[in-house]
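Engineer: Listed below are the residues making up each chain.
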Amino acid sequence: MYHWDFGALWTYRTLLISGLAYTLVFTVICVLLGLLVGLVTGIGRLSSNPFVTAPLRAYVELFRCTPVLVQLVWFYYALPVLTGIQISATVAATLCLSLYGGAFYSEIIRGGIISTDVGQIEAARALGMRQHQILQRIVLPQALKRMVPPLMSQSIMQLKNTSLLSVLAVPDLLYQGQVIAHETYRPLELYTFIAIAYFAVLLPITMWAKRLEFGAPVQEA
Amino acid sequence: MPKPVIDIGGLRKSFGAQSVLKGIALQVERGQVLALIGPSGSGKSTLLRCINLLTVPDAGHITVGDQSIAFNGRRTALPSARKLALFRASTGMVFQHFNLFSHMTALQNVMEGPLTVLRTPKEQATAEARQLLDKVGLLERADVYPDKLSGGQKQRVAIARALAMRPSVMLFDEATSALDPELVGEVLQVIRGLAREGMTMILVTHEIGFAREVADQVIFMREGVVAEAGPPANVIDQPQHDATRAFLGRFNASIATQRANTAS
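So the sequences go chain by chain: C and G.
Under our numbering, the first residue of the first sequence is numbered 1, with each subsequent residue one higher.
Under our numbering, the first residue of the second sequence is numbered 1, with each subsequent residue one higher.
Check before you lean on any hint, since a few could be wrong.
Computed footprint of chain G on chain C; a stretch qualifies when at least three of its residues, placed anywhere within it, have a C-beta under 8 Å from a C-beta of chain G [unchecked claim]:
id : region
1  : 120-131
2  : 136-144
Okay, the calculated beta carbon distance ranges per label pair [said to hold, decoys possible]:
id : chain 1 : residue 1 : chain 2 : residue 2 : range
3  : G       : L86       : C       : I114      : 26 to 32 Å
4  : C       : I114      : G       : D143      : 26 to 32 Å
5  : G       : E197      : C       : L212      : 25 to 31 Å
6  : C       : G111      : G       : L86       : 51 to 57 Å
7  : C       : L203      : G       : Q131      : 49 to 55 Å
8  : G       : D7        : C       : S48       : 53 to 59 Å
9  : C       : T14       : G       : D143      : 53 to 59 Å
Calculated directly from the structure, the hints in this document are not laboratory data.
In this text, a Cβ means the ideal position worked out from N, Cα and C, and glycines have one as well.
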């Protein structure tokens, strides 16, 4: 019978907390950068110019159709060889996860905008509203309501994806846990703790996202 | 003779290889009601959409009120977005599928044009919007969102929204075609009221009986041209062209049956 001993973790509490903090800060940075990339890409893809839309589409499909773990390893090992520029594991991971998230965000943003009822846009034009007024007063208020729930769940994915950073030895929560497990020979306690820590962070966020979803119903004409 | 409110000449529009309007000319005087009738695909909706420039014509000229605009077929010669918007603001458009802004209440829908386009102060816009909702019989539904309104109510809000811009002409694009039969009456009642008040209107409609009742002028369109035009007593009751007769055949037959039934 295995004798569980969580007491051993107490000694390493600062390391674990720093790992969790790293995970959270990293998530926030990658979510923000990803949203920025996603916004530019999503709106850019609505352009009528194929020289704008084709490369953006290629980017989105490339990142959506390859595993993020492969992308991470590729950014760290292959990209420096290709460009001749050495980058740290943290920079490679930030770049990779932001671009990966951006690809998914862009689809959500693009979808939210194009799903706006064409009839309402025509009605706004018929009133004499200008393009920017229509975007601001008619399209975006409705599109944002539709976008918030999928953007939230994509961001939650983004937090979970940061656990993959440990393969590049970025000191996130999982990586710190692995280090401690090697030192203490207590992997079962460590991985249980890590799972609980992720859960404790994500459960409230998920519940909050759910409330947003139901609190902001999209009215259909 | 007074200057017409709407004066259109030489209007042409093609979508790709398909020529939809092949040189249309028409005039509507202030306070007159023009009904556009004709089979599906005859170009009547496209003509209506050209009058407020939702569809930009290839050639021809359009005058609405004191604004004139001419088209010569070159993309580069298109009027500025600002001028197009200004032009549209002077015509009120009512759509087949209502097209209410679904994130706004009935009242906010009616206020939107005055607030953003005319820059009317909010208090004044609210007061005017409530007046218009009262006029279409929906004041008690002012704070309701479109998804809680019936089709007939939605269309009446849409009419109020168009009226809020104080347009010099109202355009109705098959305003009752998407409605359940029992809801058509309430919308026609509102249009009838506008006609009585002397609002200049162009109706694209399949309600031939209604067209005969309210229109001063009827145009029968076919394959992108005006096939027959004149007062309803001529075009609807005594059509001269075979195509008009064929199109109206079923309608006139049903009227004849009704009359026969009443007589017997």
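Engineer: Indicate, hint by hint, whether the structure satisfies it.
Structural biologist: Do the hints match the structure? See the list:
no. : hint                          : in the structure
1   : 120-131                       : holds (count 11)
2   : 136-144                       : holds (count 4)
3   : G:L86 <-> C:I114: 26 to 32 Å  : 28 Å, holds
4   : C:I114 <-> G:D143: 26 to 32 Å : 30 Å, holds
5   : G:E197 <-> C:L212: 25 to 31 Å : 47 Å, violated
6   : C:G111 <-> G:L86: 51 to 57 Å  : 33 Å, violated
7   : C:L203 <-> G:Q131: 49 to 55 Å : 52 Å, holds
8   : G:D7 <-> C:S48: 53 to 59 Å    : 34 Å, violated
9   : C:T14 <-> G:D143: 53 to 59 Å  : 56 Å, holds
Checked against the numbered hints given earlier, the structure breaks hints 5, 6 and 8 and satisfies all the rest.
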